[in-house]
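Chains A and B, in that order, are what the protein sequence lines are.
In terms of this note's numbering, the first sequence opens at residue 2 and continues consecutively.
In terms of this note's numbering, the second sequence opens at residue 2 and continues consecutively.
Honestly, I wouldn't trust all of these hints.
A pair counts as met if it fits within one copy or between any two copies, since identical chains are not told apart.
Below, in silico cross-link-like pairs of lysine to aspartate or glutamate (DMTMM-like), each with a Cα-Cα straight-line distance of 20 Å or less [claimed, not checked]: (1) 263 x 42; (2) 263 x 45; (3) 260 x 49.
Keep in mind the hints are simulated off the structure, nothing from the lab.
Fair warning: this is a prediction, and the values are worked out from it, not measured in the lab.
2 protein chains.
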Amino acid sequence: MTRTVFYVSDGTGITAETIGNTILTQFGDVQFETYRLPFVDSVERAREVAQQVRDQGGEDRTRPILISSIIDPAINAALADSGALMLDVFAPFMTPLEEELGTSRSPRVGRAHGMIDYSRYEARIDATNYALSHDDGININYKDAEVILVGVSRSGKTPTCLYLALHFGIRAGNYPLTEEDLDKQELPKHLVAFRERLFGLTIDPQRLAQVRETRRPGSRYATLEQCRQEVAAAEKLIRAERLPMVSTTHSSIEEIGSKILKTLNIHRHMF
Amino acid sequence: MTRTVFYVSDGTGITAETIGNTILTQFGDVQFETYRLPFVDSVERAREVAQQVRDQGGEDRTRPILISSIIDPAINAALADSGALMLDVFAPFMTPLEEELGTSRSPRVGRAHGMIDYSRYEARIDATNYALSHDDGININYKDAEVILVGVSRSGKTPTCLYLALHFGIRAGNYPLTEEDLDKQELPKHLVAFRERLFGLTIDPQRLAQVRETRRPGSRYATLEQCRQEVAAAEKLIRAERLPMVSTTHSSIEEIGSKILKTLNIHRHMF
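Bound conformation, chain A alone:
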């Protein structure tokens, strides 16, 4: 049987959905149908949502599950009228923290993904511009880079750079190792000066061939043979240069990004 789950938030709903996804994964035997309902920031809007959830329950003939990341108790009370199983993401932590800190919380609308200040916003926008202008070896002046990813074409460098920029405000550039670099088994000179910031990405050749085939069907570039050669040469070079390296084959962009920050010892808060 499929159970309906609503992620309800006064903001974007990202926090509720993130937590909810992990929780629901623990119940692999159950099918879930999930809906995200963002910007439920008034009691009136909460009443409408409660009605929608109640109607869904009638249709399902079983009560929906409502995962709320709303802080305001009045809004949560209105949602509870839906008859859903209410799971409040933040409530369980408030009492222990109040006791620990010896102070009451001062209720504020949760702003996990809301704007906090311009300087943080600017940092992520600037970093995004940096990633775009230093993508794929376009601009190889890496003086201001905090991270420089190296690897063969389509090993996952661009999305990783954009992710690091958008979520951590990190200036990340990337350089695709050329056939010349691979033949010579040498890092290009303009990279050597920034050795401490280099990080290698690799990928399973079969997977790479699939990715390239989508991009340029039937090309030599996409053959398994070509991918095998390039990946072997790139890994050899990266190892010889003793650069850290991670395979993108079985990792999400978030995992790759997190590993890079950890390895290069970059401490940065998320936006």
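For this one, chain A is given, so just place chain B on it according to the hints.
For chain B alone, kept in the frame of chain A given last:
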């Protein structure tokens, strides 16, 4: 007094930090120093972390707060040896859900930001490539776009497109309204066919002038006068065309993205 907080995770630590940020925001009077410790995926590693946390507590002369998004009870038990105030992000939801679903959970490592399958990964990579190739009016064939953002230069279109691509796998292009478009007060023809997918971004002219000034100091492009004229003309055009519009001035990229999806009625799960 500053309290030390550790976000500990068996994965990226993103979930723990996201929840933690919101919780800590509720205690505006307290200063927090936060650390993210990702990839704590074994009891051994947990013991090392527990030692680190214990040492920090000794230095602080008060116990740290440890926010854990780890599912494995053995790892959490090892962390609890640190003497920190333990806040387990997922634990509070497990019992109510087991009761509701009439089944026990089958423990799995939480994979909120882990790789799930290639098709999802490909969707976000493809969408990122789409955003890059349809950025800033480079390629104005919007046939395959799901969202097309329009607005003046530096109104926030590019980061929003990249965010929608990376996190929702949405193919989003963007078109910067030109002086000609603004003078004519007409949408260019290649956009009109895709009216249902258009979304306007606007921005406060003073803010825009600041952003542009960083980009091209002293230019006419960055003058308040120029920004005022462009924004007024763009808003007039967007309203006349009855397109949805949002101001990026006080919103985070996540909020803007979420509003666009809601308004255009696009239902998509996050990656």
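Violated hints - listed by number, lowest first
none
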